Every structure is written in structure tokens, then in C-alpha cells.
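Single-letter residue listing:
Protein chains: 2
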Amino acid sequence: MSVLVVGSVALDTVETPAGKREEILGGSATYFSCACSYFTPVNLVAVVGEDFSPDDRRLLEERDVDLAGLQVSPGKTFRWGGSYRGDMNEARTDFTDLNVFEDFHPRIPPSYRESEYVFLANIEPGLQLEVLAQIEKPRLVVGDTMNLWIDLKPERVREVVSHLDLFIFNDAEARQLTGEVSLKKAAGEILKLGPKGVVIKKGEHGAILFSREEIFCAPALPMDRIVDPTGAGDSFAGGLVGYLAREGKTDFVSLRRAVIYGSVMASFNVEDFSLNRLRNLSRDDIEKRYQRFQNLTSF
Amino acid sequence: MSVLVVGSVALDTVETPAGKREEILGGSATYFSCACSYFTPVNLVAVVGEDFSPDDRRLLEERDVDLAGLQVSPGKTFRWGGSYRGDMNEARTDFTDLNVFEDFHPRIPPSYRESEYVFLANIEPGLQLEVLAQIEKPRLVVGDTMNLWIDLKPERVREVVSHLDLFIFNDAEARQLTGEVSLKKAAGEILKLGPKGVVIKKGEHGAILFSREEIFCAPALPMDRIVDPTGAGDSFAGGLVGYLAREGKTDFVSLRRAVIYGSVMASFNVEDFSLNRLRNLSRDDIEKRYQRFQNLTSF
Chain A
4 MSVLVVGSVA LDTVETPAGK REEILGGSAT YFSCACSYFT PVNLVAVVGE DFSPDDRRLL
64 EERDVDLAGL QVSPGKTFRW GGSYRGDMNE ARTDFTDLNV FEDFHPRIPP SYRESEYVFL
124 ANIEPGLQLE VLAQIEKPRL VVGDTMNLWI DLKPERVREV VSHLDLFIFN DAEARQLTGE
184 VSLKKAAGEI LKLGPKGVVI KKGEHGAILF SREEIFCAPA LPMDRIVDPT GAGDSFAGGL
244 VGYLAREGKT DFVSLRRAVI YGSVMASFNV EDFSLNRLRN LSRDDIEKRY QRFQNLTSF
Chain B
4 MSVLVVGSVA LDTVETPAGK REEILGGSAT YFSCACSYFT PVNLVAVVGE DFSPDDRRLL
64 EERDVDLAGL QVSPGKTFRW GGSYRGDMNE ARTDFTDLNV FEDFHPRIPP SYRESEYVFL
124 ANIEPGLQLE VLAQIEKPRL VVGDTMNLWI DLKPERVREV VSHLDLFIFN DAEARQLTGE
184 VSLKKAAGEI LKLGPKGVVI KKGEHGAILF SREEIFCAPA LPMDRIVDPT GAGDSFAGGL
244 VGYLAREGKT DFVSLRRAVI YGSVMASFNV EDFSLNRLRN LSRDDIEKRY QRFQNLTSF
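Chains as they are written, first to last, in the working numbering: chain A, 4 to 302; chain B, 4 to 302.
Keep in mind that the hints are not guaranteed to be accurate.
A pair holds if it fits inside one copy or across any two, identical chains being indistinguishable in the list.
[As the list claims (entries may be wrong)] Derived SDA-like pairs: lysine to any residue, alpha-carbon spacing no greater than 25 Å straight-line:
hint	residue 1	residue 2
1	K187	P20
2	K199	M226
3	K187	E290
4	K291	S214
5	K188	N92
6	K156	E117
7	K188	L155
8	K187	F302
9	K291	F255
10	K79	D54
11	K23	G84
12	K195	L151
13	K23	E158
14	K199	G22
15	K156	T253
16	K188	E93
17	K187	D174
18	K140	V256
19	K199	E26
20	K187	G89
21	K187	N279
22	K188	D227
Calculated from the structure, these hints are not laboratory results.
Quick caveat, the model's predicted, so the values are computed rather than measured.
Using the sequences and the accompanying hints, generate a full structural model.
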């Protein structure tokens, strides 16, 4: 079953201990789509400017991402600059040039409206609500957010969360949104808002999935070197939602496996800048790494 | 098979968000012994002062810990004060009164010398070497250390590590001792010194076990509330070494399970101050929690 994603397509300028890259393809919807595309067809809704390059568009087309929902607006593509020093779990934002994103309002093409699996990538929560208003009742709606929106619009974030089946965010955001130090308590607070599940991402420490009854802990793959963590969270979501859509399942056992497929895709993503690693995987690469996670956790 | 532990017995003054306790029983060897005692007999070597109370001694006796190696010296028992604020993974040391510990030299009673499983709890690395000089070739020597010794005597710490079969320390110490940001790389550097295995503890994020060929990631149990993290690392080591000694095994599959038993004992320990929780467990409590770790990680 196909997946609808609404989020950002961006040109990133990124600096990590491994080097600096300027204006490389990025954005939450881009990373998500590329990771998800290994599991199931993806329908993308986002906006770019007239400067968006044919090469970058081709990358998504080669992954069979449907671009009927990719609006091209007069002006420049959204740009983000960030750097990682020491702690690879958190980016320092150097600049944000919204450009065409400033006036973006997601329009879901009619052909996308029956998507049964939906991912609301990190965009302004009001826009996430606009998406929800345009879609038929899907089987599974998964959403993400970021610290900026929790700072500026916590009530709007909570409103979005109340419409989600599964909410994915990171440990710092969980503590920020709920005021709870314990991640278990934070997840409990989120579950009270409505979602059936919560995934708290912890960067190099893995991720924890909570439902009202169960908890599942997934490690991150221990690595010699992280080249660029940008997009790891969106790649994680891409693997997670992609797996569920491919299997057509949303039970807790499937969610456990989905979290591992998410971790697999995130582990590939951080091995190189931009989508350099994520664009060139085989099904076998993915299955082999899934097995590594099994070996990493079984006792 | 019995386990020999050499470390500290202390009176701790601890402040956490859950409250403050003064002069409560603590110390690396104490926590280790109590946790280990659920698996196998423990022989303890440490020193206390003449002020060490009969109640505290009785607690260890009730857990069947052999105290033939507990020296009583003129003077006061070692005292440590620490507090936890916000980050429950790291204590701030408020004071350290070495007292009788200042002139401590471990003497291993003849009856202990054939212990096949040995744990060198966190004490000055020169003292750890004195222990190694007094014991016959044991089957498994496991050791711990702390940031203080890595700061003051990194070469001595490395010398101790070169004699160990398994080295247990935490993530900050791993980075401090090796200069590596990647825990996988840090573990690789430690393995080059000689040990067959390395366990890196990550507090609420669990622990990772490394050998030259394999990696095993264990989560920590997600909890609503941590009352007092003091002694969690030593309780972890107690469960780990105790399980291996009980089973009489040191292969990697047994090490995986041992890490989980360690995590089980640590998870009990943090539920209350001092040894209040750890002293009153049943075999069934421990097995049930082991099952919870299975449910937490299987996919």
C-alpha cells in the first residue's frame, strides 16, 4: 500500500567532524521518501523553488517516488544550515531560509487522498492540520515534530498529536513537551492525548516504542564513525512506516519489527552525507542489516 | 562457584530528587556482593572502621556474604557524599572522606585464594594490582574503575585492564580513557589491551558488550522514577559476574545473558536508597524481571 508523506524538501549546508557540504539535497520529506521507497510506493507532497535542480528531482524519481504533489513555486528552495560538534545527537542550526516554504500550503492531489498510510513529517503544526483535513480516514497516521514548534506552539503540537495513531519524536522533545524527566512517564502523557503508540528516538542510544500495554527497546547500530546524522530521524520514520504499509499491518508485533527496519534505514543514512548512502541500497543490504540487529539484541 | 570481590564498603550521604539520606550503607563491594549473592556465594575483601554498625554487618551476613576478608581498622569507615540533579546518570561528588581506606591494603584470606571468579570493584588501580598478585590463576577476572583514576593514573588503569578478562566501565570513562567518541572504537582500543570482553554502561540507555567478534546491546528497563542511582553499576556487575559463576560459563552467549541479569539487578537497585530494595528480592522477582527484558527486546 502506498504511503503519503508531507514535509520539507531542502538544500542543506552541513558541517560535521567528517567535513562540510554546501547545498546538498535534504529535507524531512526527502529522507523519509527515499528510505520508505525500499518498502512501498511513496507519494510526496512538498514545495521547492524554481532553482531546484533536475539532478535532485531525478534522485527521487529513480527511487520511484511519485512527485505529482511536489509543487514548484516562484522563488528559491528552502535552505537549512546546521553543524554537529562533539554530540552527534543534536544539530546546531546555523541558519534557516524558509524561502518558498514561507507561503507553503500543502495541497493533496486527488490521487493521493486515499493513501492508507500517512506520515506528517516535521513541518509547522498548522500545516500538519491542513493535511489531516484533506485526507480520507487513513489506516495509520504517523507524525513527527521538532523542538521549535514545541517552543512556539505547544498547544498546536498537542492538537496534531491527538489526531495521530503513532507519534515519533526524540528524547529531548519528549521531555520538553511533557515536562517529565522519565521517558516512560513522558510517553504515558502523550498516550493520554490519543495516539495508540509513541516512539521516542534517542540517537546513538536507539529508540523506545510505547503503547498503553507494552514497551519495546531497539538499539542503534554501534558504528565506528557517523559521517552525517542529518535526516536520520526521517530515514527511521521512512523504514518504519514503509514496512508497516508493505505488510499492511499495525499490530504491536509488526510495530516492533517496523522500529527495527527504521533503525536499519537510519543506520545506513548516517554513513554518508545527504542521500548518498540511502539512494544506493539493495533489498539484500537491508535484510542483512536487519539480521545484524537480531544478532545485536538476542540473548 | 564462589566469587571474590575487592572494593569499598562505605557510608554514603546521598541527595536525589526523591530525597536525602545520611550515612546509609553503600560502597562498590557492598552493592556488588548483595546483587551477586542471589546467584552464588560471595567472598568480600574490604575495610571498615570501628564505627561500622552491627546492623550494616548483619545485612551482608543475611545475604550469606562471607566476611572473613572484611578488615576492621582503627578509625572511621570511608564516607562519600554525592548528589544527582537532572541527569540521573552522573553523580556530583560532594565530599570524599577516605578515613580507614587511606591505608587500606587488601589481604586475600587463604580460603579465598582459589576463587575462580573475581571482581575488582572500583578502588585505586595500584590496590587492584595488589589483589591480582595474591590470587591463583582464576577463570574470570572482571574489573571496574572510575573517572578519578583515569584522570590521575591512566597508565595504571591500563595496566590493570591488561590483566582483566572483562572490563566494565561507563560511556564517559570509555571516551576519557581512549579519546574516542565512538563507543565501538573505544571498545576496540580497550580490547587491544588484552581483555576478551568490554562492557560499556550507559545508565538509562542500557549497556553494550563487545568482544573482538560480536556486539550485544542491552536496554535499561524504562522506569517511572529512579529513586537513587548510587550503586547501579556495582549491582549490574554483581548480577553479571554472579550469573557467570553460577553457570560456570564464560562464552559469549552466557555473557549476553549475564549482561541482562546485570541489568535486572541494576533496575531493582535504583528503585530505593542504599540496599533497601536489593536486600529483599526473591529468585522469582529476578526471573520475572528477566522475562520483562525478553519482552522488551524481542521482535
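Going down the list of hints, with the structure as the test:
Proximity of K187 to P20 under the C-alpha cut-off of 25 Å is restricted to the inter-copy arrangement: shortest distance 17 Å between copies versus 33 Å within a copy. Within a single copy, K199 and M226 get their C-alpha atoms only as close as 32 Å, which misses the 25 Å cut-off; across copies the closest is 20 Å, which meets it. Proximity of K187 and E290 under a CA criterion of 25 Å is satisfied inter-copy only: 22 Å between copies versus 30 Å inside one chain copy. For the homomeric pair K291 and S214, the shortest alpha-carbon distance between copies (20 Å) is at most 25 Å, but the shortest distance inside one copy (28 Å) is not.
In the homo-oligomer, the alpha carbons of K188 and N92 lie at most 25 Å apart both inside one protomer (22 Å) and across protomers (17 Å), since each shortest distance falls under that limit. In this assembly of identical chains, the alpha carbons of K156 and E117 never lie at most 25 Å apart, being 29 Å within a copy and 65 Å across copies at closest. Only within a single protomer do K188 and L155 lie at most 25 Å apart by alpha-carbon distance; the minimum there is 23 Å, versus 39 Å between protomers. For the identical chains of this complex, K187 and F302 are neighbours both inside a copy (24 Å) and across copies (20 Å), given an alpha-carbon limit of 25 Å.
When the C-alpha separation of K291 and F255 is checked against a cutoff of 25 Å, the pair qualifies both within a copy, at 23 Å, and between copies, at 21 Å. Taking the closest pair of Cα atoms, K79 and D54 come within 25 Å of each other only inside a single copy of the chain (6 Å); across copies the shortest separation is 75 Å, beyond that limit. Taking the shortest alpha-carbon separations for K23 and G84, only the intra-copy value of 11 Å comes in at or below 25 Å, while the best inter-copy value is 45 Å. For a Cα distance limit of 25 Å, the shortest separation of K195 from L151 inside one copy, 22 Å, qualifies, whereas the shortest one across copies, 44 Å, does not.
Within a single copy, K23 and E158 get their C-alpha atoms no closer than 37 Å, and across copies no closer than 36 Å, so neither meets the 25 Å cut-off. For a Cα distance limit of 25 Å, the shortest separation of K199 from G22 qualifies neither inside one copy, at 40 Å, nor across copies, at 35 Å. In this assembly of identical chains, the alpha carbons of K156 and T253 never lie at most 25 Å apart, being 29 Å within a copy and 54 Å across copies at closest. Both within a single protomer and between protomers do K188 and E93 lie at most 25 Å apart by alpha-carbon distance, with minima of 23 Å and 21 Å respectively.
Proximity of K187 and D174 under a CA criterion of 25 Å is satisfied in both settings, with 11 Å inside one chain copy and 22 Å between copies. Taking the shortest Cα distances, K140 and V256 sit within 25 Å of each other inside one copy (23 Å), while across copies they are farther apart (47 Å). For the homomeric pair K199 and E26, neither the shortest alpha-carbon distance inside one copy (38 Å) nor that between copies (45 Å) is at most 25 Å. Proximity of K187 to G89 under the C-alpha cut-off of 25 Å is restricted to the inter-copy arrangement: shortest distance 16 Å between copies versus 27 Å within a copy.
Taking identical chains as interchangeable, the C-alpha atoms of K187 and N279 lie at most 25 Å apart only when they sit on different chains, with a minimum of 23 Å there against 35 Å within one chain. Proximity of K188 to D227 under the C-alpha cut-off of 25 Å is restricted to the inter-copy arrangement: shortest distance 6 Å between copies versus 33 Å within a copy.
In this structure, the hints that do not hold are numbers 6, 13, 14, 15, 19, in rising order.
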